[in-house]
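A.B. asks: Required output: the full structure, derived from the provided sequences and hints.
2 protein chains.
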Amino acid sequence: MAAAKSIAVVISSTRPQRINPFVAGYVASVINSIPQTTAKVELLDLATVNLPLFNEPLVPGEVPADDPTPHYHYEYTRAWSALVRKYDGFIFVTPQYNWSIPASLKNALDYIFHEWNGKPAAIVTYGFRGGVKAEPHLREILNGLRMGTVEPTVALKIVKGEPEEREKQMKETWKKDGADEKITTLFASLLKHFEAKN
Amino acid sequence: MAAAKSIAVVISSTRPQRINPFVAGYVASVINSIPQTTAKVELLDLATVNLPLFNEPLVPGEVPADDPTPHYHYEYTRAWSALVRKYDGFIFVTPQYNWSIPASLKNALDYIFHEWNGKPAAIVTYGFRGGVKAEPHLREILNGLRMGTVEPTVALKIVKGEPEEREKQMKETWKKDGADEKITTLFASLLKHFEAKN
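These protein sequence lines map, in sequence, to chains A and B. Residue numbers for the first sequence follow numbering that gives the first Met the number 0, so the first one is 0 and each next one is one higher. Residue numbers for the second sequence follow numbering that gives the first Met the number 0, so the first one is 0 and each next one is one higher.
Because the hints were derived from the structure by calculation, they are not lab data. One thing to keep in mind: the hints can contain errors.
Unchecked claim - Computed list of lysine to aspartate or glutamate pairs in EDC-like fashion (alpha-carbon distance at most 20 Å, straight line):
#1 181(A) x 164(A)
#2 132(A) x 139(B)
#3 159(B) x 164(A)
#4 159(B) x 55(A)
#5 159(A) x 61(B)
What the hints assert, rightly or not - Under 7 Å between C-beta atoms, here's a sample of chain A residues computed to sit facing chain B:
#6 16
#7 20
#8 99
#9 103
#10 105
#11 140
#12 144
#13 172
Note that the structure is a prediction, hence the values are computed from the model and not measured. Backbone N, C-alpha and C fix where the C-beta goes; we use that ideal spot for every residue, glycine too.
C.D. replies: Shown next as structure tokens:
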């Protein structure tokens with residue numbers, strides 16, 4: 000039996016007042032309720048990774064593809080490279096900022112190149128209208144990184160309000176909109192990507 | 000007579016080995032050779048602005064539209080707000096990173112909101128194939144910020160090589176590709192935006 004695949008659910012916004020950890024936590028909880036033993040899923044928080052705005056003297060695509068990690072100039076880049084290499088696939092959970100993705104996510108993606116190549120990527124957006132404008136931008140960027148992006152698109156509507164009431168309302172909206180089924184299908188698409196490769 | 004409009008040519012990449020200052024300098028030099036007295040053009044370098052990854056506790060669109068500057072939490076945001084307010088229009092000169100714009104530019108755009116609104120924006124991309132994939136992303140983001148984006152698209156092809164030889168080769172390529180005429184037309188479109196508003 001093949002070893003269980005390791006999937007990261009990426010918390011993409013790093014601003015202090017973000018609700019991204021709640022949204023990503025919801026996505027992970029839906030996945031963890033699916034009976035299956037072929038993948039383990041964990042949260043990966045870009046705020047914890049804490050990269051500065053890109054300042055490597057190297058071009059990420061120009062380091063050796065088979066072992067890029069030791070070639071970066073900064074220790075934080077080597078740590079990020081090693082961390083991303085540990086995962087077999089990614090679910091990017093991202094807000095929409097000004098009709099695209101936040102700089103925090105673009106920055107983390109741009110820091111490295113070979114580490115993403117060939118791995119499957121799923122996209123979950125959120126915003127007052129579901130963050131749907133961030134999705135085509137992110138999908139194109141991930142294709143540029145030669146990741147295999149999978150369907151369907153999951154767009155979660157958020158609301159304003161006090162934390163507890165807000166979270167309750169959002170969960171109700173998501174369940175009503177069929178988000179759990181979409182997340183389940185999205186996760187199945189990710190797993191299928193591995194079967195196709197084996 | 001109306002006061003001369005102030006236009007910033009924005010150096011959008013902040014990585015140490017960037018050629019963005021050379022490319023933006025070329026764009027500014029073409030514009031400065033156009034005989035006209037209705038606008039003054041200067042370089043605005045995002046590396047000098049030196050913003051960290053977005054960490055304001057506020058949502059930029061939620062500060063008062065008529066005087067946003069004093070409402071930001073961090074001094075560097077207030078300085079960026081005041082600087083952007085000084086300009087009437089912008090020419091964003093950007094590289095393409097992974098089929099989109101660099102995080103450094105998205106970050107600078109996302110830090111503020113009202114300061115951009117209603118001002119005209121021109122786009123110049125560069126890359127080995129002209130950076131043409133960055134253009135539709137940036138145009139959509141600028142439209143999201145309610146800027147008036149103008150045409151045509153100017154895409155400048157870059158080459159590899161030692162600095163002096165490289166710059167010479169790029170200038171020759173750009174002149175051969177009609178870049179000077181396109182930049183001149185783009186600048187005229189920016190100025191027309193002001194006439195339309197007066």
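A.B. asks: Flag every earlier hint the structure violates by its number, smallest first.
C.D. replies: 1, 3, 7, 13
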